[in-house]
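J.: Take a look at the letters that make up each chain.
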Amino acid sequence: MTTLRMKNPATSRQPVRFNWLKIAVFLLALLPLARAAWIVLSGAAINPVEFITRSTGTWTLSFLLITLAISPLRQLSGWSWPLRLRRMLGLYAFFYGSLHFTTYIWLDQFFDWPGMLHDIAKRPFITVGFAAMLLMTPLAITSTQGWMRRLKRNWGRLHRLIYPIALLGVLHYWWLVKKDLTQPLLYGSVLAVLLGWRLYRRLRQP
Amino acid sequence: MLIQKPADIAPSEITPEGVYFNRRQFMLGSAGLLLSGETLAALAGKKSPLSSADKPNSLKEISTYNNYYEFGTDKSEPAMYAGSLKTRPWNVVVDGEVGKARSFGIEELLKQPLEERIYRLRCVEGWSMVIPWIGFPLASLLKQVAPTSRAKYVAFETLQRPAEMPGQRSRVLDWPYREGLRMDEAMHPLTILAVGLYNDVLPNQNGAPIRLVVPWKYGFKSIKSIVRIHLQEQMPATSWNMANAREYGFYSNVNPDVDHPRWSQASERRIGEFLKRKTLPFNGYGDQVASLYRGMDLRRNF
Numbered sequence: 005m006t007t008l009r010m011k012n013p014a015t016s017r018q019p020v021r022f023n024w025l026k027i028a029v030f031l032l033a034l035l036p037l038a039r040a041a042w043i044v045l046s047g048a049a050i051n052p053v054e055f056i057t058r059s060t061g062t063w064t065l066s067f068l069l070i071t072l073a074i075s076p077l078r079q080l081s082g083w084s085w086p087l088r089l090r091r092m093l094g095l096y097a098f099f100y101g102s103l104h105f106t107t108y109i110w111l112d113q114f115f116d117w118p119g120m121l122h123d124i125a126k127r128p129f130i131t132v133g134f135a136a137m138l139l140m141t142p143l144a145i146t147s148t149q150g151w152m153r154r155l156k157r158n159w160g161r162l163h164r165l166i167y168p169i170a171l172l173g174v175l176h177y178w179w180l181v182k183k184d185l186t187q188p189l190l191y192g193s194v195l196a197v198l199l200g201w202r203l204y205r206r207l208r209q210p
Numbered sequence: 006m007l008i009q010k011p012a013d014i015a016p017s018e019i020t021p022e023g024v025y026f027n028r029r030q031f032m033l034g035s036a037g038l039l040l041s042g043e044t045l046a047a048l049a050g051k052k053s054p055l056s057s058a059d060k061p062n063s064l065k066e067i068s069t070y071n072n073y074y075e076f077g078t079d080k081s082e083p084a085m086y087a088g089s090l091k092t093r094p095w096n097v098v099v100d101g102e103v104g105k106a107r108s109f110g111i112e113e114l115l116k117q118p119l120e121e122r123i124y125r126l127r128c129v130e131g132w133s134m135v136i137p138w139i140g141f142p143l144a145s146l147l148k149q150v151a152p153t154s155r156a157k158y159v160a161f162e163t164l165q166r167p168a169e170m171p172g173q174r175s176r177v178l179d180w181p182y183r184e185g186l187r188m189d190e191a192m193h194p195l196t197i198l199a200v201g202l203y204n205d206v207l208p209n210q211n212g213a214p215i216r217l218v219v220p221w222k223y224g225f226k227s228i229k230s231i232v233r234i235h236l237q238e239q240m241p242a243t244s245w246n247m248a249n250a251r252e253y254g255f256y257s258n259v260n261p262d263v264d265h266p267r268w269s270q271a272s273e274r275r276i277g278e279f280l281k282r283k284t285l286p287f288n289g290y291g292d293q294v295a296s297l298y299r300g301m302d303l304r305r306n307f
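These protein sequence lines are chains S and W, in that order.
When the first sequence is numbered by our numbering, its final residue is 210 and no position is left out of the sequence of numbers.
When the second sequence is numbered by our numbering, its final residue is 307 and no position is left out of the sequence of numbers.
To be clear, the hints were calculated from the coordinates, so they are not data collected in a lab.
Beta carbons are placed, not taken as given, at the ideal position from N, Cα and C, and that holds for glycine.
Hints are supplied without guarantee of correctness; some may be wrong.
[To be verified] In silico DSSO-like links for lysine-lysine, alpha-carbon gap of 30 Å or less: (1) S/K126 <-> S/K183; (2) W/K65 <-> S/K183; (3) W/K283 <-> W/K65; (4) W/K116 <-> W/K51; (5) W/K65 <-> W/K116; (6) S/K126 <-> S/K182; (7) S/K126 <-> W/K283; (8) W/K52 <-> W/K283; (9) W/K283 <-> S/K182; (10) W/K51 <-> W/K65; (11) W/K65 <-> W/K52; (12) W/K51 <-> W/K105; (13) S/K183 <-> W/K91; (14) S/K182 <-> W/K65; (15) W/K91 <-> S/K182; (16) W/K283 <-> S/K183; (17) W/K148 <-> W/K105; (18) W/K105 <-> W/K116; (19) W/K91 <-> W/K65; (20) S/K156 <-> S/K26; (21) W/K65 <-> W/K148.
[Said to hold, decoys possible] Computed list of chain S residues with no C-beta within reach of chain W, every gap over 12 Å: (22) L32; (23) L80; (24) L87; (25) L139; (26) P142; (27) G150; (28) W159; (29) I166; (30) L198; (31) L203; (32) R206.
[Claimed, not checked] Here are the computed distance ranges between Cβ atoms for each label pair: (33) S/L207 <-> W/K283: 53 to 61 Å; (34) S/G160 <-> W/K283: 46 to 54 Å; (35) W/A242 <-> S/L87: 53 to 61 Å; (36) W/R304 <-> S/Y204: 43 to 51 Å; (37) W/K283 <-> S/I124: 17 to 25 Å; (38) W/R305 <-> S/L121: 48 to 56 Å; (39) W/A47 <-> S/P118: 45 to 53 Å; (40) S/I124 <-> W/G277: 24 to 32 Å.
Given these sequences and hints, build the entire structure.
T.: This is the structure:
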């Protein structure tokens with residue numbers, strides 16, 4: 005461990021001030037939670053557990069896709085400010101994913117561990133959802149500046165896990181739908197465009 | 006996903022069901038001196054000993070949380086879009102292996118001796134409700150057409166009218182929706198054709214004007230808005246089985262021991278309850294119906 009540590013260049017570049025953009029996005033990202041809480045508490049959801057599960061699940065996927073849209077947005081527009089939001093958006097994906105996972109363990113299964121193990125082993129859509137959640141955890145833990153420094157080049161390699169995570173997320177949704185695939189197809193198409201863009205750039209510039 | 010609007014009526018403003026029915030009872034009683042009750046009560050059903058003692062779900066729960074793909078695949082969509090369905094005039098054709106094939110107008114069907122049947126309903130997706138249906142046994146209708154000895158199965162069909170049923174404009178399922186029963190299941194006293202619930206005609210989203218109710222089977226067997234009942238010798242094709250035979254069998258009896266590939270069927274969440282409850286074989290109607298399946302392997306014939 006280095007003892008003589010310079011101030012982190014990423015943060016020292018900016019003067020100390022409120023970052024209104026970050027605050028605004030932070031609050032905006034809490035709106036889905038507020039809306040879900042309102043719908044459940046007002047009694048408008050006939051099957052609240054199902055509603056919370058679906059709502060937190062689709063928002064997890066949405067935040068994963070928003071996070072993945074940051075790089076293409078920067079590359080296409082030339083703006084640099086979206087990059088400053090990426091970590092927070094990724095953490096929000098983890099936040100909604102945790103709520104989704106907790107809802108399953110607590111409200112849906114009520115801590116029926118044997119039942120859940122049976123579910124994970126037997127039902128492919130739960131297996132892949134569980135895998136996605138597991139893979140998101142190290143990314144959330146290593147999202148700090150400290151871990152970035154400690155992992156150096158490996159940090160970037162590790163965080164490329166977001167690609168399989170998003171794929172597993174879409175697959176999870178795809179396999180759980182009974183018949184109407186419109187919604188998973190929508191998320192799948194957006195993901196295909198976002199990953200396709202990366203592939204295209206990679207093939208174009210050696 | 007669809008954004009559900011929060012209720013604009015506070016729960017405190019809603020008349021409790023008990024009060025609502027008392028008032029109806031009172032009006033019926035006082036008006037009965039002058040008029041026959043039939044004209045006042047939207048639909049009255051004689052109490053049935055076959056009713057469950059469980060507490061029924063509220064009309065709001067029953068009529069706003071529906072699977073009715075003809076009006077959309079989200080559970081909130083049928084209540085939003087089923088209003089466009091015209092339920093008058095309405096005829097149900099009953100034909101096939103019968104001595105007296107004929108068509109029944111809905112007015113005639115509403116004149117059958119009606120009963121209130123409070124039944125549990127278990128959806129294949131793992132939730133359940135208790136619903137106070139008004140209806141009459143399917144057997145009493147079938148007896149009127151004199152089934153022949155070749156009538157082994159009963160095939161049902163839902164209305165196909167994409168102009169009024171927006172869900173039918175996309176090919177989510179192969180329309181019209183089809184269901185079927187074996188003849189002995191169809192003739193069982195628990196099997197009813199429902200024309201109402203909570204002492205009124207069926208809301209459109211619940212399958213108006215007439216639907217099947219088979220309480221020991223998963224909900225999708227209880228086909229809605231029936232226009233055709235066809236008796237036949239061969240086992241009929243059924244919609245969910247056609248869509249995915251691995252997941253939806255012809256029988257689809259409620260069975261906690263046979264999992265759906267995506268859902269455990271061991272337990273269920275009763276709408277309005279927080280904790281799940283254990284699912285009972287045949288949805289708790291085993292004493293009355295298990296004998297229908299004696300000698301059958303219900304894992305294979307799921």
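J.: For every hint, state whether the structure bears it out.
T.: Results of checking the hints against the structure:
1. S/K126 <-> S/K183: holds (20 Å)
2. W/K65 <-> S/K183: holds (26 Å)
3. W/K283 <-> W/K65: holds (25 Å)
4. W/K116 <-> W/K51: Holds, because 13 Å separates the two Cα atoms, which is no more than 30 Å.
5. W/K65 <-> W/K116: holds (27 Å)
6. S/K126 <-> S/K182: Judged against 30 Å, a Cα distance of about 17 Å means the pair holds.
7. S/K126 <-> W/K283: OK: S/K126 and W/K283 at ~20 Å, within 30 Å.
8. W/K52 <-> W/K283: With a Cα-Cα distance of about 28 Å, the restraint between W/K52 and W/K283 holds, given a limit of 30 Å.
9. W/K283 <-> S/K182: holds (23 Å)
10. W/K51 <-> W/K65: Holds - the C-alpha atoms of W/K65 and W/K51 are around 23 Å apart, at most 30 Å.
11. W/K65 <-> W/K52: Since the Cα atoms of W/K65 and W/K52 sit roughly 22 Å apart, the hinted pair holds (cutoff 30 Å).
12. W/K51 <-> W/K105: holds (29 Å)
13. S/K183 <-> W/K91: Roughly 27 Å between the alpha carbons, so the hint for S/K183 and W/K91 holds.
14. S/K182 <-> W/K65: holds (25 Å)
15. W/K91 <-> S/K182: holds (28 Å)
16. W/K283 <-> S/K183: Given that 30 Å is the threshold and the Cα spacing comes to 26 Å, the pair holds.
17. W/K148 <-> W/K105: Holds: W/K148 and W/K105 sit about 10 Å apart, inside 30 Å.
18. W/K105 <-> W/K116: holds (20 Å)
19. W/K91 <-> W/K65: At roughly 22 Å apart (the allowed maximum being 30 Å), W/K65 and W/K91 satisfy the hint.
20. S/K156 <-> S/K26: The given pair, whose Cα atoms are some 25 Å apart, holds under the 30 Å limit.
21. W/K65 <-> W/K148: Violated, because 35 Å separates the two Cα atoms, which is more than 30 Å.
22. L32: holds (16 Å)
23. L80: With a cut-off of 12 Å, S/L80 remains clear of chain W, as the shortest Cβ separation is near 28 Å.
24. L87: Holds, since 29 Å exceeds 12 Å.
25. L139: holds (22 Å)
26. P142: The assertion about S/P142 holds, with a minimum of 28 Å to chain W.
27. G150: It holds; S/G150 is separated from chain W by about 37 Å at its closest Cβ, greater than 12 Å.
28. W159: holds (34 Å)
29. I166: Non-interface label stands for S/I166: nearest chain W Cβ at 22 Å, farther than 12 Å.
30. L198: holds (20 Å)
31. L203: holds (29 Å)
32. R206: Consistent with the label, S/R206 stays out of reach of chain W, its closest Cβ about 33 Å off (over 12 Å).
33. S/L207 <-> W/K283: 53 to 61 Å: holds (56 Å)
34. S/G160 <-> W/K283: 46 to 54 Å: holds (50 Å)
35. W/A242 <-> S/L87: 53 to 61 Å: About 56 Å separates the Cβ atoms of W/A242 and S/L87, which means 53 to 61 Å holds.
36. W/R304 <-> S/Y204: 43 to 51 Å: Roughly 50 Å apart at Cβ, these two residues keep to the hinted range, so it holds.
37. W/K283 <-> S/I124: 17 to 25 Å: Since W/K283 and S/I124 have Cβ atoms about 21 Å apart, the given range 17 to 25 Å holds.
38. W/R305 <-> S/L121: 48 to 56 Å: With Cβ atoms ~27 Å apart, the hint is violated.
39. W/A47 <-> S/P118: 45 to 53 Å: holds (49 Å)
40. S/I124 <-> W/G277: 24 to 32 Å: holds (29 Å)
Violation of the numbered hints given earlier is confined to hints 21 and 38; the remaining hints are satisfied by the structure.
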